[in-house]
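One-letter residues, chain by chain:
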Amino acid sequence: MAHINPSGDQELIERWRDQPASLLPLLHAFHDRDGYLSDDALRAVASGLRIPIADLYGTVTFYHHFARVKGGKARPRVCDGPVCKLQGCDELIVGLDGATAMPCAGRCDGPIPVLQDDEVLIGTQPGALTAAPPLVPPPNPGGIDECVFAEVRDPRRKTLAGYRESGGYRALSRAVREMTPEQVLDVVSGSGLTGRGGASFPTALKWRAVREAGGGPKTVVCNADEGEPGCFQDRVLMDLDPHAILEGMTLAAFATGATRGFIYLRYEYPATQGVLETAIEEARAAELLGTSVLGTELTFDIHVRRGAGAYICGEETSLLNSLEGKHPFPRNRPPYPVTNGFEGTPTAVNNVETLASVPPIVDRGAEWYAGLGAGEHKGTKIISLSGDVARPGNYEVPIGIPLKTVLYDWAGGAPEGRTVQAVTMAGLSGGFLGAEDIEEATLDEPSMRARGSLLGAGGVMVFDDSRDMVEIARQAMSFFAHESCGKCFPCRIGTQRLTERLAGVAGPKEPELWKAEVEDIGRTMAAVSACGLGVAAPGITGSLMRLFPEQVDAHVNGQRK
Amino acid sequence: MSSDGSSNGSSNGSPTLTLDGKVVPFETGETLYEVARRHTSDVPTLCYDERLEAFGACRLCVVEIEGFRSPVASCTTHAAHGMNVQTKTEKLEKHRKTLMELVCSENPRGVEIDPMRGHASQEMTDLAQRYAVDGTRFEGAQSGQSHPDDPNPMILRDYDHCISCYRCVRVCAEQEGDYAISIANRGFQTQITTEFNGFLKGSECTFCGQCVQTCPTGALADNRALQHTREPGEVELTRSICPFCGVGCSVDIMSKGDKLVGVRPAMDGPANEGALCVKGQFGWEWVQHPERLKNPMVRKDGVLVEASWDEALDRAAEGFRRVRDTHGRHAIYGVASGRAPHESAFSVQKFIRAGFGTNQIDNCSRA
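Residue numbers (this note's numbering), protein chains in the order written: chain Z, 1 to 561; chain V, 1 to 367.
One chain only, chain Z, in its complex shape (with noise of 0.2 Å):
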């Protein structure tokens, strides 16, 4: 953290040598002690927890946040995602002196993220940046009972007894107390709880499998990478309600019989880290964790490893291999984490929001919380709606609930005198929706499928009738390219090139021809590529050119606008 650490190298690798997932914070240690990472600090640490020199540093070049000169790390990166693009922010990166473009901070809602240090600041103009405030969720718009955002809005919430005040740990004492770990895979599963992180994977059928998988010790693994440009929900619920974070990962210990447990939180959330980590000290001297969690058997303990600029640590199983130290390259599958998971043992990895709605369904029960859900949908997803829109924020809908209902009821549609053009889902990785299906989609995975795209994390990106949308296109790719991991052919040089053709510097002049080349590149990126990013990149060219063919013949032809 901020803190300016005069130890010496051999006590910072003492401090961290023997902690589990050691490399990350060790690396950390080094990289705010000196304000970069030195050759010197790299041969330190690699000596110090025996890791070969030349991977180190391979690996160390993997991350965009290293700074690898003197004086990097307090050199201001600037978010350049969609959003930010449309707010200005290339000429604030050209007005803040030594300052760099970095992928999308989480902060749509509000004027443009600087990250300086360990500080964000916040605004449009160099001269006048202010310190980031955290971001409380519009009010309930729609009078709809809320799961994850009942409570954040009470500022009393993000301590231990204010948590408490309202209902927190209610549920993690009923269980440890009350319930059996089967007794609480039943409730999870009975409330059709999914992976809110995007995969919509079942969560109880997750925490069963590693319950029953061999081995150990077990791991919890809270996976706050958030990186999908377009999503910053995470983020609010980490900072205003940190305590649901914490008993989520509990109760899913309880369930899993897991031991430990990590929180890997993405660099760009400097100020999260040490909201998690006070909470964590609070839940500790409450025995809320520990090796007695309320003086039962249960054990239990929380660790926050903050990574260092990579969106592919989102995913999983590069998540695991980047705790653990290596390289993070996404890991073939199977045998998945829920057998083979951190350090090779049963590991459940869920999303910040998967976890927080742990506790509320515990403790509320499952039907309450399937009952939230429109129609024969369960449940609620937090949808993160930023960019040309009058309300931009995050709202928790009813899952099944109107596209149309959230854009314009809530959030009051386009800015006076516009149109929506096109919108964005999942972020990024589910490509653009235009008008027809903004009006008849639901939010739920079955709508959005059948539409060619997904739900995902949940995040919205508004575009109005002004916009260029091959340009917005350019971004998108331009972001997979810059966040391809680089293992897997078709995602390292499929987003390359896709790139390229949407800048229009290089591929054929002829509008055929190039629709004929993005459309084979996407179709292997899509069939062929080993992870979740080079299969859902070629959605934004693919809904591109089936939106809007116009304007990808106008920029083939040179006639942009």
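FYI, nobody ran anything at the bench for these hints, they're computed from the structure.
Using N, Cα and C, we set each Cβ at its ideal position, and we do this for glycine too.
Treat each hint with caution, since some may be false.
Label-pair restraints from in silico Cβ distances [as the list claims (entries may be wrong)]: (1) Z/Ala-74 / V/Asp-42: 37 to 47 Å; (2) V/Asn-185 / Z/Arg-284: 53 to 63 Å; (3) V/Glu-174 / Z/Gln-19: 22 to 32 Å; (4) Z/Gln-19 / V/Gln-129: 52 to 62 Å; (5) Z/Pro-202 / V/Thr-136: 31 to 41 Å.
Below 16 Å or equal to it, Euclidean Cα-Cα: the simulated EDC-like pairs (lysine to aspartate or glutamate) are [as the list claims (entries may be wrong)]: (6) Z/Lys-326 / V/Glu-174; (7) Z/Lys-509 / V/Glu-139; (8) V/Lys-94 / Z/Asp-117; (9) V/Lys-97 / Z/Glu-519; (10) V/Lys-91 / Z/Asp-520; (11) V/Lys-97 / Z/Asp-520; (12) Z/Lys-73 / Z/Asp-117; (13) V/Lys-94 / Z/Asp-520; (14) V/Lys-91 / Z/Glu-519.
So, partial list: chain Z residues that the calculated Cβ filter (under 8 Å) puts toward chain V [as the list claims (entries may be wrong)]: (15) Leu-49; (16) Glu-178; (17) Met-179; (18) Ser-484.
Given the coordinates of chain Z, work out where chain V should sit on it, guided by the hints.
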């Protein structure tokens, strides 16, 4: 989670699967690629080396499995009983062509890769020919940056031709255990690197050359062999045993006419399975060095002159005898060559112990 990789087998005997319409047996733990390769030689791949852990990078070896939504990489998918697998559908071949077009587009176009670069150096060229790909489609930026300034005389680091299959990095770690090279950066900016992107000489590299021999594009090349590119004649391979030590690594000696032009490890060598060390791989130039001794020499009137073996051995025996008679048997010290196999080392210690009556016997490899 439709395939958990288990392959418990049929009720009677070994498990089977259907491969391109034919029922074939397999052994539990085998991958689909291993099974397929036994029956058909043409599932393409660029990132596979049977000595290394399957990696799943190039995606050329994808196959279709009935009931699976998308093709899977056969190299990382375990065979399971009852699977119905297709290795060569029109769709798969189309994906493979697109993949080859992509990977050829990131390298210099129209450059012939000299087969003398290394054992696997033609893999990419051969596949490009098979899929009729010339690198013109999907044109765009080139990946990888060559390191022509690396002053080592053995390994050429021509990364312009690199396709980021990481076989070099993996063979260095998994086979040689050196961890001298790794992967820097991400995505299209990926680059094979040493620590801090320095020269091989300053790294943990032992110049065993295994990275050169597994490279499927010739991006890493045998610089010693390349010095002989312009020599006239065809390269002939002769199977032999490396003379440097007692391990007995199999090598294929490359020659043009009477001239030795390079050495390759034999991938099927029982002692080395494709591995060599720096001496066996690159230390062969002495064979045709003008100063190499080809006859025994003895000193006459202070001058070394050629002699017959009989004369030379008599002279040596005489010297040993003189030393023993003058200074006693413990004045003799035998050092067996590290290049001698076990049996010869045994003979040397027998000779010293029984012949001279001293236990002063050692081996140069012990230093």
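> In ascending order, which of the hints set out earlier in this document are inconsistent with the structure?
Replying inline: 1, 2, 5, 8, 15, 16 and 17
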